[in-house]
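**Q** Chains as they are written, first to last, in this note's numbering: chain G, 57 to 370; chain V, 57 to 306.
The set of hints was computed from the structure by calculation and includes no laboratory data. No experiment lies behind these values; they were computed from the predicted model shown. Hints are not guaranteed to be accurate.
Claimed, not checked - Calculated cross-link-like contacts (lysine to aspartate or glutamate; reagent style DMTMM-like; alpha-carbon spacing at most 25 Å):
| id | chain 1 | residue 1 | chain 2 | residue 2 |
| --- | --- | --- | --- | --- |
| 1 | V | Lys290 | G | Glu347 |
| 2 | G | Lys329 | V | Asp180 |
| 3 | V | Lys285 | G | Asp330 |
| 4 | V | Lys285 | G | Asp67 |
| 5 | V | Lys202 | G | Asp176 |
| 6 | V | Lys75 | G | Asp291 |
| 7 | V | Lys273 | G | Asp176 |
| 8 | V | Lys290 | G | Glu342 |
| 9 | V | Lys77 | V | Glu114 |
| 10 | V | Lys252 | V | Asp79 |
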Amino acid sequence: MSRVLVIAEHDGTRLNASTGKCVSCAAAIPGAEITVAVFAVNGAAVAAEAARLAGVARVVQVDRAENEHALAAVLAPQIAQLAASHTHVFGPSTTFGKDLMPRVAALIDAPQLSDIMAVDSATRFRRPTYAGNAIVTVEVDAGTKVVATVRTASFEAAATTGAAAIEKVAADATLPTHTRFVGIASARSDRPDLQSASRVVSGGRALGSADNFKLIYSLADRLGAAVGASRAAVDAGFAASDLQVGQTGKIIAPELYVAIGISGAIQHVTGIKDARTIVAINKDPEAPIFEVADIGLVGDLFTVVPELEKLLTA
Amino acid sequence: MKRILVGVKRVIDFNVRVKVKPDGSGIVTDGVKLSLNPFDEIALEEALRIKERGGADEVVVATIGPADCQQQLRTALAMGADRALHVVHEGTIEPLAGARVLLKLIDKEQPFLVILGKQAIDDDNNQTGQMLAALWQRPQATFASKVELTDSTARVTREVDAGLETLEVDLPAVVTADLRLNEPRYVKLPDIMKAKKKPLESLPFADLGVSAAARVKMVRTEPPAQRQKGIMVKDTQELIAALRKRGALQ
Ligand SMILES: Cc1cc2nc3c(=O)[nH]c(=O)nc-3n(C[C@H](O)[C@H](O)[C@H](O)COP(=O)(O)OP(=O)(O)OC[C@H]3O[C@@H](n4cnc5c(N)ncnc54)[C@H](O)[C@@H]3O)c2cc1C
Ligand SMILES: Nc1ncnc2c1ncn2[C@@H]1O[C@H](COP(=O)(O)O)[C@@H](O)[C@H]1O
Numbered sequence: 057m058s059r060v061l062v063i064a065e066h067d068g069t070r071l072n073a074s075t076g077k078c079v080s081c082a083a084a085i086p087g088a089e090i091t092v093a094v095f096a097v098n099g100a101a102v103a104a105e106a107a108r109l110a111g112v113a114r115v116v117q118v119d120r121a122e123n124e125h126a127l128a129a130v131l132a133p134q135i136a137q138l139a140a141s142h143t144h145v146f147g148p149s150t151t152f153g154k155d156l157m158p159r160v161a162a163l164i165d166a167p168q169l170s171d172i173m174a175v176d177s178a179t180r181f182r183r184p185t186y187a188g189n190a191i192v193t194v195e196v197d198a199g200t201k202v203v204a205t206v207r208t209a210s211f212e213a214a215a216t217t218g219a220a221a222i223e224k225v226a227a228d229a230t231l232p233t234h235t236r237f238v239g240i241a242s243a244r245s246d247r248p249d250l251q252s253a254s255r256v257v258s259g260g261r262a263l264g265s266a267d268n269f270k271l272i273y274s275l276a277d278r279l280g281a282a283v284g285a286s287r288a289a290v291d292a293g294f295a296a297s298d299l300q301v302g303q304t305g306k307i308i309a310p311e312l313y314v315a316i317g318i319s320g321a322i323q324h325v326t327g328i329k330d331a332r333t334i335v336a337i338n339k340d341p342e343a344p345i346f347e348v349a350d351i352g353l354v355g356d357l358f359t360v361v362p363e364l365e366k367l368l369t370a
Numbered sequence: 057m058k059r060i061l062v063g064v065k066r067v068i069d070f071n072v073r074v075k076v077k078p079d080g081s082g083i084v085t086d087g088v089k090l091s092l093n094p095f096d097e098i099a100l101e102e103a104l105r106i107k108e109r110g111g112a113d114e115v116v117v118a119t120i121g122p123a124d125c126q127q128q129l130r131t132a133l134a135m136g137a138d139r140a141l142h143v144v145h146e147g148t149i150e151p152l153a154g155a156r157v158l159l160k161l162i163d164k165e166q167p168f169l170v171i172l173g174k175q176a177i178d179d180d181n182n183q184t185g186q187m188l189a190a191l192w193q194r195p196q197a198t199f200a201s202k203v204e205l206t207d208s209t210a211r212v213t214r215e216v217d218a219g220l221e222t223l224e225v226d227l228p229a230v231v232t233a234d235l236r237l238n239e240p241r242y243v244k245l246p247d248i249m250k251a252k253k254k255p256l257e258s259l260p261f262a263d264l265g266v267s268a269a270a271r272v273k274m275v276r277t278e279p280p281a282q283r284q285k286g287i288m289v290k291d292t293q294e295l296i297a298a299l300r301k302r303g304a305l306q
């Protein structure tokens, strides 16, 4: 039988939506028994949330003062202890999981599968390579412990109809002190979160300045959408780095994605391939973004975007 | 000797449109342009800048790869690395085995800092640096966009989903480079000539005592699902109508 350990992502008080997606991925393994592990200072609230995820058999809550900032070097030895009684250890393919899971894999001498997007069986999975241009089916021998990160855009979050038992577990692993949290600068806003928003409006290099990028914010507000950006727009300082969409930014799957002044480089497109509807606005009719767009409009964004906003207000 | 070790991998150039072989056995590699992994160029650039600021005495690049990837090591030497190590190995190597090899090179070179790319853009694994740090029992600071060194610590700004996180880690440590850490320099022709005389040491994989046995089998490679061909609209009114028709707008 498969016993899957899912590592919860949270901010100390709330469970991140990525955890529900990992649970769905784990549930796709036939007959899987799913445990969610919450590492926190006081994980009661997060554990209670995790216990409501449908399909979860058990939540283990590991409270330690050292767990305040989710440092990979600190969490990995604790996870390695729990991993002994599991066949699979899953974490989300967010920066949290990407940082943490390979450290776990090395500690328990297990291979890692990154970004799994589909489950064929307990030993066979599919994952993207080459910026999503080649999908590889990978397999391990039965009995090989598997560590994996789950491509969150490929799975719907588990329903919240569950009622799993919560168990407090003491992890006595020796933890290193060589890694210390200093701070985090986040441009938190009351706008929808890019990773979970149902609509996203993104701007590219064509915006030309941080000031012009306000056009993107304004249209996004009109649509109740999150804001995204291409790498070129982030590099040029028009938008914050956590707004980057693509191979090295966020992989998202909104209902609606509007790409404005973005050429459609493969590294960008790989981040939006699972969007339900892609709209592209670009003045170059040859721009590759039109190859993936469901609706394309050739035009100058500086006239099209204000016009669009006006029509949406009317 | 204060030394920085940089891991570099040869990959298919990021501009190449990768094609899957019709028989599903892999991707088309014949005649395809190969380059240094872009993140590794950034890792190397950072190491060179640290050395140029007086923070290190020597920058050593290392690769695990087939005999003919020496060309990419020469590129790294031309960028400014002092020496190159080539662990000769044909065929793919899984990240954990790669990390074990790099650990052997750490034993040999005793660097105070190891910089890798955050991911190799062929397999998109994003694993090696974290695994190496775990095996070495040292700190990791992944997805770095800024690195500041003191004698005994590194203060690293990391690009994370929630914004920019700063960690302080004791040295030695492993740092993995994100895109905005720096912009790598261009290689100039005289540097290419000079690089030919720089030391490049070949180490047979078998001598390192690391198993190369694959634990993850590649069963099949397929192209991604294609999106349905879309429509073009001529103005914003048509655009809104088309969005309503798809149910994307009320
Ligand atoms: C290893 C690696 C990883 C990468 N990861 C990412 C990633 O995660 N995300 C990402 O986005 N990129 C990534 N890139 C970069 C990517 O290759 C492209 O360089 C980038 O996406 C280009 O951004 P852009 O489309 O905004 O700019 P450009 O390619 O310059 O496109 C600008 C577009 O705007 C159009 N335009 C100009 N003026 C107007 C106007 N007035 N009105 C309308 N349209 C106009 C132009 O026709 C053009 O198509 C990565 C690259 C590498 C090497
Ligand atoms: N064969 C290799 N030789 C040297 N360094 C490597 C090799 N493979 C991966 N690396 C390093 O590890 C980083 C992450 O690779 P990966 O875990 O494969 O995505 C790369 O950017 C390189 O710095």
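**Q** Compare the structure with each hint and give your call.
**A** Consistency of the hints with the structure:
Restraint check for Lys290(V) and Glu347(G): the C-alpha separation of about 17 Å stays at or below 25 Å, so the hint holds. Note on Lys329(G) and Asp180(V): the hinted pairing holds, with a Cα-Cα distance of about 17 Å set against a maximum of 25 Å. Of the supplied pair hints, the one linking Lys285(V) and Asp330(G) holds, its CA atoms being roughly 14 Å apart against a limit of 25 Å. A hinted pair counts as satisfied when its Cα atoms are at most 25 Å apart, and Lys285(V) with Asp67(G) does not qualify at roughly 40 Å.
In summary, the hint linking Lys202(V) to Asp176(G) is not supported, as the alpha carbons are separated by about 40 Å, beyond the 25 Å threshold. Straight-line distance between C-alpha atoms of Lys75(V) and Asp291(G) comes to about 29 Å, which puts the hinted pair past the 25 Å bound. Taking the CA atoms of Lys273(V) and Asp176(G), the gap is about 14 Å. The hint holds against a cut of 25 Å. Note on Lys290(V) and Glu342(G): the hinted pairing holds, with a Cα-Cα distance of about 15 Å set against a maximum of 25 Å.
Proximity of Lys77(V) to Glu114(V) is assessed by CA-CA distance (about 42 Å); at most 25 Å being required, the pair is judged violated. For the given pair, Lys252(V) sits about 40 Å from Asp79(V) by alpha-carbon distance, which is inconsistent with the 25 Å threshold.
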